[in-house]
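K.L.:
Residue numbers (our numbering), protein chains in the order written: chain A, 1 to 368; chain B, 1001 to 1368; chain C, 2001 to 2368; chain D, 3001 to 3368.
The set of hints was computed from the structure by calculation and includes no laboratory data. Even glycine gets a Cβ: it sits at the ideal position worked out from N, Cα and C. Just so you know, not all the hints are guaranteed correct.
Claimed, not checked - What follows is a set of in silico ranges between Cβ atoms, one per label pair, in the way DEER data are often shown:
id: 1; chain 1: B; residue 1: 1187; chain 2: C; residue 2: 2335; range: 41 to 51 Å
id: 2; chain 1: C; residue 1: 2122; chain 2: D; residue 2: 3167; range: 44 to 54 Å
id: 3; chain 1: C; residue 1: 2344; chain 2: A; residue 2: 146; range: 46 to 56 Å
id: 4; chain 1: C; residue 1: 2036; chain 2: B; residue 2: 1025; range: 18 to 28 Å
Said to hold, decoys possible - Dumping the calculated EDC-like pairs for lysine to aspartate or glutamate here, alpha-carbon to alpha-carbon at most 20 Å:
id: 5; chain 1: A; residue 1: 37; chain 2: A; residue 2: 177
id: 6; chain 1: A; residue 1: 283; chain 2: C; residue 2: 2277
id: 7; chain 1: B; residue 1: 1037; chain 2: B; residue 2: 1048
id: 8; chain 1: B; residue 1: 1283; chain 2: A; residue 2: 273
id: 9; chain 1: C; residue 1: 2283; chain 2: A; residue 2: 288
id: 10; chain 1: B; residue 1: 1209; chain 2: B; residue 2: 1337
id: 11; chain 1: D; residue 1: 3225; chain 2: D; residue 2: 3181
id: 12; chain 1: A; residue 1: 283; chain 2: B; residue 2: 1166
id: 13; chain 1: B; residue 1: 1283; chain 2: D; residue 2: 3181
id: 14; chain 1: D; residue 1: 3283; chain 2: D; residue 2: 3142
Number of protein chains: 4
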Amino acid sequence: MVGGGPGAFIGGVHRMAMALDGRYRLIAGAFSASAPKSQETGRALGLEPQRVYDSWQQMLVAEAALPPSERIEAVSVVTPNHVHHGPAIAALEAGFHVICDKPLTTSKALADTLVAAVEQSGCHFALTHNYSGYPLIREARELVRGGGIGRVLKVYAEYLQGWLVDPIEAGGHKQADWRTDPARSGPGGALGDIGTHAFQLLEHVTGEKVTRLFGHRSSVVPTRKVDDDAMVLLEFASGASGSLIASQVCTGCENGLTLRVYGTTGAIEWRQEHPNDLRILHKDGATEIRRPGNSYLSAAAASLTRLPAGHPEGYLEGFANIYTAFARAIRGEQNIEHAYPTVEEGQRGVHFIETVIASAEQGQWVAL
Amino acid sequence: MVGGGPGAFIGGVHRMAMALDGRYRLIAGAFSASAPKSQETGRALGLEPQRVYDSWQQMLVAEAALPPSERIEAVSVVTPNHVHHGPAIAALEAGFHVICDKPLTTSKALADTLVAAVEQSGCHFALTHNYSGYPLIREARELVRGGGIGRVLKVYAEYLQGWLVDPIEAGGHKQADWRTDPARSGPGGALGDIGTHAFQLLEHVTGEKVTRLFGHRSSVVPTRKVDDDAMVLLEFASGASGSLIASQVCTGCENGLTLRVYGTTGAIEWRQEHPNDLRILHKDGATEIRRPGNSYLSAAAASLTRLPAGHPEGYLEGFANIYTAFARAIRGEQNIEHAYPTVEEGQRGVHFIETVIASAEQGQWVAL
Amino acid sequence: MVGGGPGAFIGGVHRMAMALDGRYRLIAGAFSASAPKSQETGRALGLEPQRVYDSWQQMLVAEAALPPSERIEAVSVVTPNHVHHGPAIAALEAGFHVICDKPLTTSKALADTLVAAVEQSGCHFALTHNYSGYPLIREARELVRGGGIGRVLKVYAEYLQGWLVDPIEAGGHKQADWRTDPARSGPGGALGDIGTHAFQLLEHVTGEKVTRLFGHRSSVVPTRKVDDDAMVLLEFASGASGSLIASQVCTGCENGLTLRVYGTTGAIEWRQEHPNDLRILHKDGATEIRRPGNSYLSAAAASLTRLPAGHPEGYLEGFANIYTAFARAIRGEQNIEHAYPTVEEGQRGVHFIETVIASAEQGQWVAL
Amino acid sequence: MVGGGPGAFIGGVHRMAMALDGRYRLIAGAFSASAPKSQETGRALGLEPQRVYDSWQQMLVAEAALPPSERIEAVSVVTPNHVHHGPAIAALEAGFHVICDKPLTTSKALADTLVAAVEQSGCHFALTHNYSGYPLIREARELVRGGGIGRVLKVYAEYLQGWLVDPIEAGGHKQADWRTDPARSGPGGALGDIGTHAFQLLEHVTGEKVTRLFGHRSSVVPTRKVDDDAMVLLEFASGASGSLIASQVCTGCENGLTLRVYGTTGAIEWRQEHPNDLRILHKDGATEIRRPGNSYLSAAAASLTRLPAGHPEGYLEGFANIYTAFARAIRGEQNIEHAYPTVEEGQRGVHFIETVIASAEQGQWVAL
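Bound conformation, chain A alone (with noise of 0.2 Å):
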């Protein structure tokens, strides 16, 4: 692992989502750019000393000198975005895969790089856009590519929370801090942490290319240096429109993450704050909520639930389907179908970024 010392938050949300399955061992790590911070988390986590590294440069090279039964298989990279493309390359340069946090990269172009270094590898390679591993996420893109829901006609997406309305950067808030430091996340702050999810998911889902969009973007608390809303209209290859919010300053929301299709003949409606009801519109018949464990869920779906009907499974159970799926991967095991997001999906995610961006600044619609 790369990152997740004292004061993070997605470290530990990956060593519980590794841990929860029992298919991921936590042997190594270089958890802080400070030496002292990486012993400590090390310590705590109950590593052997000499796998907790200084730093990831120092952890790669040791690794890689270990003979293959010792060493380890994958590198979880779970730093702020600037530190995504750096351990990233070198650890596919060393043949270990890579499961690495998302946005990506901070620019269009080193997503460009990273891409071609997972192709050169043969390495796997996992970003972590979590919510595409929730069951009903799978069921509702299972339905919608399987032409469920008829023609996709429109697409609404949003990412709602509040915790940036008041600009506690100011005071120090760690992940506040970097998540709103140009320098640490990249161009884009509601865009890039939240909106990127956002995407990633409407296209995993609905399996559309957006193709032209139009953005506005705002930093409402005025001091930020980032982008804490944003606003995007969306016209997909298809003819389907819709559209995508993204915001940080919506009072009172925790983690509103939404997603709602409509077809000709049929429509989803999913809310990640109560992911396990998906609802189905249909045009002639009564609504339909699906749960998970129940026999009536695709096979896909299905493989994702680890209890019955009932018993609800979360952020967590969802963020280890992900890790799961990539054991599987790196086993040669039989998978779902794009069953963990990809490097290609994580440089879209940027290209994504820099487009809102782009269109904000001039006002225009731009293509992507």
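Fit chains B, C and D to the known structure of chain A by using the hints.
P.N.:
Frame of chain A; chains B, C and D shown alone:
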């Protein structure tokens, strides 16, 4: 009443709304452009035959000639949009108060003359943006305008229906027929029919004025002569921003009008299909759900409920609230402030339609 | 109308319910046991003074003496429970149809005489168990009775309110005053006021008869003279079982009437406070939500809706459905089967009250 | 671990729950009464072969013989109910802490000996009434016990499932097989399997003790050897009353555990299937919805969440909270009060089963 003959929808709604509180008696009408149909409707409603007219022109002349104690006091205009302006102006000139369905007229220019006519007439004029008659919309308005959510930052309004996803106008569906015919509905389809409701509601509740917008509209059904889908980005005088989406091709949606307003300290969320739950989000506290009929509501909201808490009132009751407030105004009774939508709000709605169309054509932001 | 004077609640509801569909004209009334109050109400309602009576006895005599074309056709009895039996019997004897509020009478013995009187009179009689007027209750009834959930196994009905958690009758609350006075409400408090609604609803929807019950009741407010809380276990002729709980001391509950019925192949779940969602559960399929105004509903349910899908109708509309069905019956028009609750259902409700009381006293199961 | 071999359900849950927070390492097990199956499971879990035992008796002897630094510290008992008492007593006698699934034993007499054994052993003992591990159940408990809803008046608990509506035990369904066999499940079917969960939860949250109950139970599936449906009326020492229903034949229900508690000034409502919404009703105020991860929660509730607000945690996380609290207890770390269910709660659950059965047989109220 002008309009509301056989096959009409909204005329019957107006009649139930005026009956509910016993403040109106329907005594005359020109219910259709077809004289026999007007007579048929008049008979079914139990009107005296001599008060059922062959045209609204005839009705206004004849009624004005009656002694004041016998003649009508107010005229309800419930015709398709292109027949709002004529009878409304004439009724005002004849000294009758007017209640008119929305959108006000088929062009901003016509709306301007109607605004002037109201002023000159000294009569009262109400536009049935009926959704502002819901008690919890009133509560939201009191709360938001009273500073209860701080400074407004984001406003999202939606009005999603699915009934026009197929070209049912081609099959003789009477409601679809005139609503998709620009000669009768005006230049906006979904924009005018439902978009203006959402627009009125968001300005009504927030007290904020949209100053600039960016529009996208489409005829998702290719043979359709008006838009059946619109997406609009909004900027407000206060610096707030937001979006409005209105669509009649969202399969499975019934009458999905929603309003969400996020401020610096709180937020409100409301859904027309479950109109008796107003969610209030707080920056540092649990989410609240306010419901009608409870002692904690504002006086203005409390005045719009007829029943104890937990006895659902709905669309007709909200509509009736507009009618009853208008009756109070005519009678000079104490009334709640802005108890019914005005002709100026109707004018602004028509301006909104024209501005969205202009923006969508130009692909640029346009001032409103 | 008998009753419905100043301070009354249900009288106003009956008047709105009869106004909504334009099938009734209120032309006479004895609105209060106090003659001046009766006159005051009559004036406020715009009745001709000579048709406002000082007592219901006077009204029935005077109206019966009018020529058939002028006299009233039906009498609404909206008084406290102990004044249902007298005017109802007298009205029937005078040849008037009767609409009566629930519970039918204050004793089974009185109910028996009323049933007999209806039979002898040849008049129509409706009891306003208004909740059976909701369109989705009708849908549930059609579904359950039509075998749509298989054989019924379990039935749970609840009616929870919180308004009597404090002894507000001591403070002069008019509604609480008579409803907690056994001389006026009869022996059941919560049991009679709301328990009978739940009981009627569960037999109405399932078509099953309760044959045995076990009751528990209490006066949670110690000074209260009637029960304000009851719990009843139920066994049905078919072998099904279930429970009914009715309480007026469930703090924060408004008007929480719910019905759930589970069968061998499916189930229905309905909540009065959100009356436009009927959940249908299936043994081998996703949960369905049916909503009014859609083409997939049964004809019987469809006939109870005035508006397109998504335009909420509520309590008053459901109440009006009872009134309108009764008007059709009086006029001999085509009607849906069991379109309004009958005097026999009222008789059974009073029997239910007495049986629960007996069981609670004995601590044993008692046959019904 | 004792139990949890091929085809087991709850064993896998315990393993995920212990893995999530990294506080446990599974190093030994007797996973099945069949030695080959135990070995198969041990291999699949990656255990050292010599720590996979053919029987729990063998395991306890062998582990106790290991040096303290190598031997197991605690035993998870995840077998069918009739094999709880044996390994639990033996483990305690061997000086191991015990985590045991519910219900505690198959009789009150056996439960009594286990309570005594825990006392004598000086070891810690936890019963996995896992639903008490949800953060909002903890919040509810803090609120109710702290007087936040006043004096408790009414308590309604439900646990509705539908999976046993058909006699699937006849078809070889492994879970149904032992759960409907009185020799393995004990005398209560639904009562023991899910009724005890509801019972523990209601006493856990309210701090009130049931002192008297009236029970009804049935085998809705006629060939079934245990009850699959139960209804129980409850009276509490404080004067409160309520009901508990537990059924496994409510078609379409998944895992419908709900708890509602009404007090003199407020109320709480909670549903396991949407465990992250706690509704709090107030006598004179709007309904509140509290959600995990927010600053307004009690410290005790806050300690049970791993993620920021809006990132759903569910069943496994609640289960893991029990495991982690138990690990803290074993380590002597600071813990929240009553952080995991005790052996006495298990004893009380078995007593509850026996008392309901007695009451149902006698048709009378019975003291508990």
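K.L.:
With reference to the structure, classify each hint as holding or not holding.
P.N.:
Status of the hints after comparison with the structure:
{"no.": "1", "hint": "B:1187 - C:2335: 41 to 51 Å", "result": "holds (46 Å)"}
{"no.": "2", "hint": "C:2122 - D:3167: 44 to 54 Å", "result": "holds (53 Å)"}
{"no.": "3", "hint": "C:2344 - A:146: 46 to 56 Å", "result": "holds (53 Å)"}
{"no.": "4", "hint": "C:2036 - B:1025: 18 to 28 Å", "result": "holds (27 Å)"}
{"no.": "5", "hint": "A:37 - A:177", "result": "holds (18 Å)"}
{"no.": "6", "hint": "A:283 - C:2277", "result": "holds (17 Å)"}
{"no.": "7", "hint": "B:1037 - B:1048", "result": "holds (15 Å)"}
{"no.": "8", "hint": "B:1283 - A:273", "result": "holds (18 Å)"}
{"no.": "9", "hint": "C:2283 - A:288", "result": "holds (14 Å)"}
{"no.": "10", "hint": "B:1209 - B:1337", "result": "holds (18 Å)"}
{"no.": "11", "hint": "D:3225 - D:3181", "result": "holds (6 Å)"}
{"no.": "12", "hint": "A:283 - B:1166", "result": "holds (10 Å)"}
{"no.": "13", "hint": "B:1283 - D:3181", "result": "violated (53 Å)"}
{"no.": "14", "hint": "D:3283 - D:3142", "result": "holds (19 Å)"}
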